[in-house]
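Keeping their order, the protein sequence lines are chains G, Y, U and B. FYI, my numbering numbers position 63 of the first sequence as 55, with every residue one higher than the one before it. FYI, my numbering numbers position 344 of the second sequence as 353, with every residue one higher than the one before it. FYI, my numbering numbers position 132 of the third sequence as 133, with every residue one higher than the one before it. FYI, my numbering numbers position 164 of the fourth sequence as 783, with every residue one higher than the one before it.
The set of hints was computed from the structure by calculation and includes no laboratory data. Don't take each hint at face value.
Unchecked claim - Mimicking DSBU-like on lysine-lysine, the simulated pairs with C-alpha atoms at most 30 Å apart in a straight line are: (1) Y:K136 x G:K118; (2) Y:K209 x G:K118; (3) B:K654 x G:K0; (4) G:K118 x Y:K267; (5) Y:K191 x G:K118.
What the hints assert, rightly or not - Part of the chain B face toward chain U, derived, beta carbon under 10 Å: (6) E795; (7) A798; (8) V800; (9) V802; (10) E838.
We treat Cβ as the ideally placed atom computed from N, Cα and C, and that holds for glycine.
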Amino acid sequence: MGRRRSEKKIAGVVTLLVLSSAFVFRRDPFVAHVLVQASLLALISLAWNILGGGCGQISFGHAAFFGTGAYVSAILTTQYHLNPWLGIAGACVSVVFLSLLVGVPSFRLKGAYFALLILAYAHVLKLVALNLEITKGDEGIFSIPSFGRYSFGGMEVNFFTSKGANLFLILLFLIAGLWTGIWMRGSQTGIAMEAVREDEVTAEAMGIDTLRYKLFALGVSAFFTALGGAFYVHYIHFLTPDSAYSGYWSLMPIVAALFGGIRTVTGPVVGAFTLVCLDEFLIKELLPRGDKLVYGLLFVVTILFFPRGILGTWVERQGHGRKKEG
Amino acid sequence: MKKFTLFFVSFVFLLVLPHKGFGETVKIGVQYPLTGKLAKHGQGCLEGAQIAFDEFNSRGGKLKAKMIVVDDESSPQKGVAAVEKLIAREGVIGINGGYGSHIIGPSSETAAQYGVAYLSVGGVSSKLTARGLKNYYRVNNIPGYAKAQLGLIRDVFSGEKKVAIISNSKVATLDIANNIKKMLESEKIPVVFFEKFAAKTTNFDPLLLKVKESGANILIVEGYFPDYVATIRSAKTLGVKLDAYIGAWGVGSPEFIKELGPLSNYIYGTSLWEKGTAPKEARDEEKTFVDLFVKKFGKDPSYLSMLGYIGAKLMLEAAERAFERGKLNREGLLEELRKTDRVTPIGRVAFDEKGDPKYFTCLIIQIRGNDFTVVYPEDRKNADAVYPAVPWM
Amino acid sequence: MPEAILSLSGVVAGYGEVVVLRGVSLSAEEGKITVVLGSNGSGKTTLMRTVMGVLPPIEGEITFRGESVRGLKTHQIARKGIALVPEGRRLWGDMTVRENLEMGYLLRREGDSLEERLEEVLEIFPHLRRLLRKTARTLSGGEQQMVAIGRALMGDPDMVLLDEPSLGLAPMVVAEVFRVIERMREAGKTVLLVEQNAKKAIEISDYVWVLENGEIRFSGPPEEAEENEKVRRAYLGL
Amino acid sequence: MSFSLLANSIASGLLMGANYALFAVGLSLVFGVLKIINLAHGELLLAGAYVGYFAIRGMGVPLPLALLFSGLSVGIVGYLYYFVVRRIRDDELNTLILTYGVGVILTNLFLLLFTADERIINIPWLTEGVWLGPVQVNRGNLVSGLVSLLIIGGLTFFLARTETGKMIRASSMDREAAALVGVDVERIDRFAFVLGCALAGFAGPLFGIVSHINPVGGEAVTINAFILTVLAGLGSIPGLLLAGIILGLGEAIIVVFASTMFQGIFALALFVAVLFLRPEGIFGRRE
């Protein structure tokens, strides 16, 4: 139980940190944009980790949920002229539905096979998007509306021009995801999921309906991933099959989660912020051409020396320290 | 205390440092994909842009230019990051670059929010100029490519013409394919085969066999380097009897001859520019560029580098005019860029109200031995087309 | 008491933070059948795996012929002349019976050729002769157990460790397995047998150890074991 | 539709399939023995292709020698790479990230060293067409296809008949049981890993002959190799050839009757169907 409480504390600190950084940098569009990218990655990484770290079901194809969420919202807002908020809602609902639909047969597979099956879905969906009329094929969808412009009293919030406004929005989503994750881990559901992760056969023998918990984790994971995808289109305003189903959305969330530590809920968030900020603020500054090389080296070294991730290793060290004291 | 003083002094010194000297320095951003899928194109353009900046700074004018390069990693969101960084961080007043319409789209829109000019050389989607942005310009667009291909078939080739068109399903190539098909049909030239193929197709034999069965004697392939390599190989293997093989962009790059060797002989392609094809008025400029390029990089420039050079140069010229008017800022640069109208090595460049190039047409080149010859249009050609001829016959 | 060929002293071992063996000391005499009894979860399999170096001991010493084997890799220990017939047989399912046996021959140190060793094993398990070309996974449980024991014997080891060889087998087959174990002793091999089938095991044994919760609770000759109240109640059902 | 269209398509599909198998064999071997999905497989193959490119085009080395040279040099890289992978090989997910990271490093190293230029290994006599009975095929594809048969046949023989081969198989099925009969499983792992890398390097120049080389092309090779490995069944080397042929043939026939646009869907549909219906692969054995 101690670990759970310390997890809450860490999540609280992280929440405060990202919120305060958003306040500090909201008027610097470049930093704000980098923070948006980091938050977006953090959200998807967190969502991936609810399924991966929480339930032990590794997916290599979260781009399937990201891209579909992005497309649904883009189509609803450009072709049916719905409000972006409704577009986002539509995206989340339909992607959760999609995830459950593919989840029931897919969960028969285990380990790497499950992981790759999801990857195959992402590729199939990309091919579908390339060949459909409604997605405009390879040309993609242009001029997707932003979240609009609002006035609260004297304060004007314009999502089209203000990176800061978008930053606060994605942070809101991220914090919602973070605390959903924390809540899940502490609840009965989370304990059942952990049992599934540790030993599925035993969990089943204990009378846990493993499929139900896996589907639940998948649904929640798909929900937040679609939320990220839908946010992305209303932020970037353009969508092509290449960008929607890009390997980036499948791979980087895993990298970020591992980098931060998959045994913790907050790990992926820490990992995403560290990776994106390191890349944009440090590596790119020092090495404008070879930055990806350093990036590759960086995560090879991290995996080798901190196999439990930064936060994971830190939490572990804390635990050991306490044990020794007591 | 001493340490603090030292620190303070050096800090102040650093702050003052950039402002020393008499002339003024204009900061221009250059955003290209230097890594990722489009790295090849981005790197080619960037090399050209470097020449433009070198040339500008060594010409002895009062205005100096600082080129700030950002890699967009072939990704739309990194493109936005690049633009934000260039404008908000580096304070550039104009941005040059971008390759790929899906990256240029969001990037140019971000630049529009600041009223910063965005001049691209690698975004051809018709939707880019349909957005009504006031800051977006480009030097090339799709119809120019198809017009040139049509001209070659209609005006240069003789005898019976049956055309097969195959196209990469990427939007830009498919766009040219659809354009040329319509144009050919309206000229009553029969298109006997038309099919798009998936990007990354590895085995072209079956498709080429279908082309063979169609009885076409002219094959147009709208694609990219790997597509040409694979289709030429397949056509040779299968002995497809053709009178001409016409590619789109990519044929006119030095690596095409270098890599394919004799298999590239007699292939036609569209090109924006080849060494020695500049219109009369721009011959000197072309020569200067080529000389500088060879000196700096030890190889011949490709059309990509020429594009990058022209893009950067037009931007710098606009900056210089704005400087002379005493209005070296975002609006000033934008106003001057809009007024651009001059003959460049790739032809006359001027923009319409949407930002599209008004006079853009392509050249048609044919590879002959180790050289590109320009065979169309009439006024810029330097050799007659060899027709019928394909490398495998 | 003659020199023990294998001896463990104060061995602590386990998986990660879970300690299974809590300071086990036991020994096996050369040429004898030594039996270790224990219920499920008492640490029998862990004991075997620790001896073979699959699981490195956290503390304690293990010696074979007076030489420490602690810290050696599994294949190095095996090459000293110890063969383990693991729990659940662990045959290579996609290989034929012949290939499975041939792999056992890797352990030979000198002497007989492959064919000679194979002949000897087939003489012990004549039933396997017909099955040589069959894929291991298609065999019945009893046949698989014979292949597993045969594989261990192919290398002509000095000592054979057997981890619950009778588990899940029909009574007829169990009887044969025990006959084979006795034959090993006749051939001069040392046997360390871990069993739940206590009655049979005690019958053929020369010395008995009882392992409970990772600790040795009893040791003595078989007659003493049969009379010991705790052993009788826990393992003989009396 | 004529007979020659169909026959020629089938022939080129078969050859393409054999080539696919060749480009996948290294990944399949490593996956089968070490249970590691080497996500840098495609980049290693490209490394071999670059070595072959400069050897053949720059120094005029004959093809067979270039193949050996590429195999050897990538094998050496693999040897060093193994010592990094070994440290964390027990954690499936971490090895995935590590191998992906190595792929990223290699890709960007290629970009820095060789620029983003597209290259092909152009050996004139290999671009000719060859008549095989009623059909005409590309000599480069034919040579590469034959090499593929040779490699896969040789590897199958090696695994089935030699002592080291049997140790590899035993170790891949049950490491612990292999160690118990005296197999130095770590040495076997290292050997299989280095061999897998060397095979990728060996295939590289042939890839450069039948396809094209650019720094970012590795990922597609890896994905294709992976699909094939799954179709074949974990570690089944002969299955790889059959899986490759099914894929190559299917793709060719789809173009004849429909269009290349459906090739990708075909490969993936096959992949998904096999995962659902026979997760052990078409030619794998059911546990």
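Each hint tested on the structure:
| no. | hint | in the structure |
| --- | --- | --- |
| 1 | Y:K136 x G:K118 | holds, 21 Å |
| 2 | Y:K209 x G:K118 | holds, 14 Å |
| 3 | B:K654 x G:K0 | violated, 36 Å |
| 4 | G:K118 x Y:K267 | violated, 35 Å |
| 5 | Y:K191 x G:K118 | holds, 29 Å |
| 6 | E795 | holds, 6 Å |
| 7 | A798 | holds, 4 Å |
| 8 | V800 | holds, 5 Å |
| 9 | V802 | holds, 6 Å |
| 10 | E838 | violated, 32 Å |
In summary, the numbered hints that this structure violates are 3, 4, 10.
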